[in-house]
Amino acid sequence: MATRIKAKVKKDITEVKALANHPMLSYQEAKRANKEANFITHFMAEVNGKVVYEVSTSQFLSKDPYMKFSFKGAAKGDEIKITWKDLKGATEVETAKIK
Amino acid sequence: MLSRIIKSTALIALTTCALNAASFNAQAEKDKAEMIKYFEAKFQDPEKNKNTFFPYSSEDELKNEYSKGLKHDDFGIGSYSYAKDAREQYEAIKEMPPYEDDIDAGEVLYKKPFANGKSIATCFPDPAITNIYPYFDEKRNELISLTQAINECITSNGEKAWNTKKGDMASLQAYMALQTQEAGKKVDIKIQSKAAAEAYERGKEYYYSQRGYLKLSCATCHVQGAGQRVRNEKLSPMLGSVTHWPVYRLKWGNLGTVERRLSGCVKDQGQVPPKDTSAEMKELLYYMSYISNDMAVDGPDIRK
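Quick mapping for you: the protein sequence lines, in order, are chains A and B. First residue of the first sequence? That's 1 in this note's numbering, and the numbers climb one at a time after it. First residue of the second sequence? That's 1 in this note's numbering, and the numbers climb one at a time after it.
Pulled out of the complex, with its shape left as it was, chain B reads as follows (with noise of 0.2 angstroms):
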């Protein structure tokens, strides 16, 4: 009971303080410099940073199955950027990728009316958008993530809410998101306010708890443990895990939301995960989105 609440008020106090610095979003740059610092850093050369960032490596699979000198932008590919043999998988995929009829079918769902005649692309007059969410709505004190704000879309011209991992939602979201990839779109999360900033500290809170069964967190994988094999892959990075969604997994066989794969990792570490527009689910994406702030968005992709 006592640590709890020394913990709520050092977290009170740190947030604070992080507050009383000129903008909203200092705090939030500083971790994004944080982490873009330490990315390049441990890709810089993992043959020579085998002691600090890959003790469990063997020097053989350091020299011969890593790329190295990465920086900030190559991230935007996932564990592709430095494990050289999934690369080659991937760019041989990418000559005809599979979510290609996925983005027609949702060009058609972008423009089709709904009963009272107006359409997503009322809602949306440019499709290229993917790149803001998700956003701090200051009049409803509330974030609004892309999925949301298309379902909201949809109920409020009277049709039936969309599914949000999958279906439609993912078809549209690809169409949108390589539009924002074609307009050269980059992730441009804002804090402007305290509350914004609060929901930013939420989410970062979400990313480094531990949870489940193997009490693992976000971050032991994917910022600690990145680019460590497990099994036959090597753990994708926290670095741009967001500007390529919607994403066509080969082990859904269909396209899928971020949603589905925060959702589904939750569960793989043996926790109930949160809804997908609950505002634990909003604040994970929004403290994921803002590190990977000025990553180019290269949505809709493919992974294993």
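Excised from the complex, chain A in its bound form (with noise of 0.2 angstroms):
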């Protein structure tokens, strides 16, 4: 249950996309599939200890949730990291270096 990270750095732009593998089921998805609800609700990624993108999610998101997102002040090298955890309270952590 990999989540795969492409982290690519452009003068001094990093842009990082992110896809996470996780069923996201929302409370009527799960019930109609008679399964438990479970989705990411909380998701942070940091690079050199400093955190540069944090969203708290709901079940408004759909499976495999894919991040895309942009900052400052990294450069190549530099490992990424992103966590996420979820309703049920598990917990994912992977790193990438930034290219």
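Accuracy of the hints is not assured; some may be wrong.
Unchecked claim - Under the rule of at most 20 angstroms between Cα atoms (straight-line distance), these lysine to aspartate or glutamate pairs were calculated in the EDC-like manner:
1) A:K10 <-> B:E100
2) B:K304 <-> A:D64
3) B:K50 <-> B:E233
4) B:K251 <-> A:D64
5) A:K63 <-> B:D268
6) A:K17 <-> B:D101
7) B:K166 <-> A:E54
Hints in this document: simulated from the structure, not taken from any laboratory.
Build the complex from these two chains, which are given one at a time in their own frames, with help from the hints.
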């Protein structure tokens, strides 16, 4: 269930594309499918210890959510760490190097 | 009864005429050239061509929502070649396509050894070969589709055959299609015998036969109707319809083979679809693939 991260820096702006693997079942969908509702509730990206992207999410996102964001101040070779938590309490941390 | 005799005689006469040509693919080459000419003419300028090709569209729609000046190879991405808004959505999703994990899974399946030690790699030493399927096997006197070839590899090595519509079959095909695309290969279907030409003709007849409760043929929507709007989407073109398989269809939420889509479409028309490895399905694929000859393989891909 790895999260795919693509991070590229150009001039001073780093653009990150991240795809998290998660079924993201809303309460209604879960009831229909007879499964338990579960979705990512918090998504955060850190570079060099500083938080560069943070978002609270809910059932409005669909399966395998794709996040795309940019920020300044990172260099090639820096490591970006992405952490997400879901409704049931599971956490996933994934890192990648900025190219 | 009489009309059926006349129809079958006419068909035989036509077939014989076509086959008396110098090579067996003469008719197919003509069909392909005609199809390319039609699509290039249609999408040269939808706004100007309203009366010939788009009688039911509004001028506003044709002006703002369609791309123009499309050429042969452009049609590989289906309706996204001419539907501007859908094209934007398509390119956004291609930045991080959801089938990347399936490609990795496909690579694992390609190399994974069976109980007897061999693997799919033993049957297909070069994975970049999706562009030659389906081909006509003269010795066996039948068409061989990619799905069939993969399952024959698996069962001849003592394993259980895979589902032909999704799952492992789709993942493996995604890996092989990507290799084919990266090798820069083009669709390369051959007709080298009378029997092969006849199979092509049967596939063509299936494509143009009206079926189901709305009496629609494949051509009604994907040749005549290509580019026209149904609800909120524009119908995809026949040219290039086989280049991009397997496809992650957002509606399915996962990857599917070309057989999955074709049988789904036939079912939508209200008819029982041919089985995935039946002669009918393979002949249909043979016809569709030949028409898309010389187009770049761009699988796997994403569609709505």
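We went through each hint and held it up to the structure:
For the suggested pair A:K10 and B:E100, the alpha carbons sit about 24 angstroms apart, so the restraint of at most 20 angstroms is broken. Taken as a hint, the B:K304 and A:D64 pair is honoured in the structure, with Cα atoms around 15 angstroms apart against an allowance of 20 angstroms. The straight-line distance between the Cα atoms of B:K50 and B:E233 is roughly 18 angstroms, inside the 20 angstroms bound, and the hint therefore holds. Among the hinted pairs, B:K251 with A:D64 is consistent with the structure: their alpha-carbon atoms are about 14 angstroms apart, no more than 20 angstroms.
For the hint linking A:K63 to B:D268, the alpha-carbon distance of about 26 angstroms lies beyond 20 angstroms, and the restraint is violated. With a C-alpha separation of about 15 angstroms, the suggested pairing of A:K17 with B:D101 holds against the 20 angstroms cut-off. Only pairs whose Cα atoms come within 20 angstroms are accepted, and B:K166 paired with A:E54 is rejected, the gap being roughly 36 angstroms.
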